[in-house]
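K.L.:
The task is simple: from the sequences and hints, build the whole structure.
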Amino acid sequence: MAFLKDFSISAVIAGFVTVLVGFTSSAVIVFQAASALGATTAQAGSWMWALGLGMGLTCIGLSLRYRIPVATAWSTSGAALLITSTAGVSMPEAIGAFLISAALIAVSGFTGWFEKVMNRIPMAIASGMLAGILLRFGLDAFTALKTQFSMVLAMLLAYLLMRRLLPRYAVIGALLAGIAIAAGMGLLQLNTVTLELAKPVFTMPAFSLHAFVGVALPLFIVTMASQNLPGVATIRASGYEAPVSPLVGWTGLATLLLAPFGAFAINLAAITAAICLGREAHEDPSKRYVAALSAGFFYLLVGLFGATVAAVFAAFPRELVLAIAGLALLGTIGNGLVLALSTERDREPALITFLVTASGVSLLGIGSAFWGLIAGGLALLILRGKVGSTAPGGQK
632 MAFLKDFSIS
642 AVIAGFVTVL
652 VGFTSSAVIV
662 FQAASALGAT
672 TAQAGSWMWA
682 LGLGMGLTCI
692 GLSLRYRIPV
702 ATAWSTSGAA
712 LLITSTAGVS
722 MPEAIGAFLI
732 SAALIAVSGF
742 TGWFEKVMNR
752 IPMAIASGML
762 AGILLRFGLD
772 AFTALKTQFS
782 MVLAMLLAYL
792 LMRRLLPRYA
802 VIGALLAGIA
812 IAAGMGLLQL
822 NTVTLELAKP
832 VFTMPAFSLH
842 AFVGVALPLF
852 IVTMASQNLP
862 GVATIRASGY
872 EAPVSPLVGW
882 TGLATLLLAP
892 FGAFAINLAA
902 ITAAICLGRE
912 AHEDPSKRYV
922 AALSAGFFYL
932 LVGLFGATVA
942 AVFAAFPREL
952 VLAIAGLALL
962 GTIGNGLVLA
972 LSTERDREPA
982 LITFLVTASG
992 VSLLGIGSAF
1002 WGLIAGGLAL
1012 LILRGKVGST
1022 APGGQK
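The numbers in the numbering used here rise by one with no breaks, and the one at position 298 of the sequence shown is 929.
Just so you know, the hints here were simulated from the structure itself, not pulled from any lab data.
Here the structure is a predicted model, which is why all the values come from computation and not from measurement.
Glycine is no exception: its CB is placed at the ideal position from the N, C-alpha and C atoms.
Mixed in with the good hints there might be a few duds.
Stated by the list, open to error - Cβ-Cβ distance ranges computed for the label pairs, FRET-style:
hint, residue 1, residue 2, range
1, E975, I1005, 15 to 25 Å
2, L819, F843, 44 to 54 Å
3, Q820, G870, 36 to 46 Å
4, K636, V844, 45 to 55 Å
5, F741, A633, 20 to 30 Å
P.N.:
Below, the structure written as structure tokens:
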């Protein structure tokens, strides 16, 4: 079986780090979104069950089907939108809005409309955006030295030593070093972990004009602009020819099926996907899909054991998570910068894309990745009189 031949411990660790980073960085926003809609504890657990199941199945199914690392995630920006835009919206109305948004995502994916937009984005611009998205994670790895100097320094040294001796296991070495030191310093809070299964709770959807305008349409726009667009760009910037239409379409369909249980938006990942797409997952790009498969397995565990997994991830000190994320993404950040700046005629637009994206600016509820692309495209239009090409990924 091809999967067994391609299997590697480094890919499994990359999948685990993907879920660790994704969950610890934004799970609290998902719970806040559920709370804003008046969700009970059981309903909040159902949200995590539905999201974990959807992300797990799409990671596994799409990665196996196309043999490229396809990592999916919940829409963090979408969850943030729900926190601020659901006043006066009931839970059934919100579920109805989730269904409408999911249907729009599926249609825009399967019809090929979204892929046509993606094919107009030059590779230098996409790579600049990717590097800008990930820069904060690289910086946070070293900012963590301020509060946990000895642990983060040991992780950095372990990473560098392993990069010299056993490059494929550099992130593994850093993670083990961090866990060992955290345990020795009493920073692992494993005493709070209890085994508890999440249960699906079905909510009958209701539809209203207020929820359609105030939740469904903004959720669709934010998910496509802030999540799927950089997600596709991340895959292409890593050297993979992604079949954009089915990838986006299937995430929309998965959301549509699971929305009554609380899956508000499942989309292509960008930041966490880069961990599966990078050299730390495997030196051979054709075998990195195993990392996304592993991430899918861990996401299924998140869904099935939502409360338990939340406690396990919460047991890791924040600095350990920041450090391992930054170290796991070093290669991808470097590769993104090389691709962004390698072509002289695209260098300034790519640099503008990188800086705007890295700035973290957010307008109209849409994150900096989208505005970075807009700024880079505008610069390209002014400097060269045109934007994009019909080549895959916008490559010239």
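K.L.:
What are the numbers of the hints the structure violates, in ascending order?
P.N.:
No numbers; nothing is violated.
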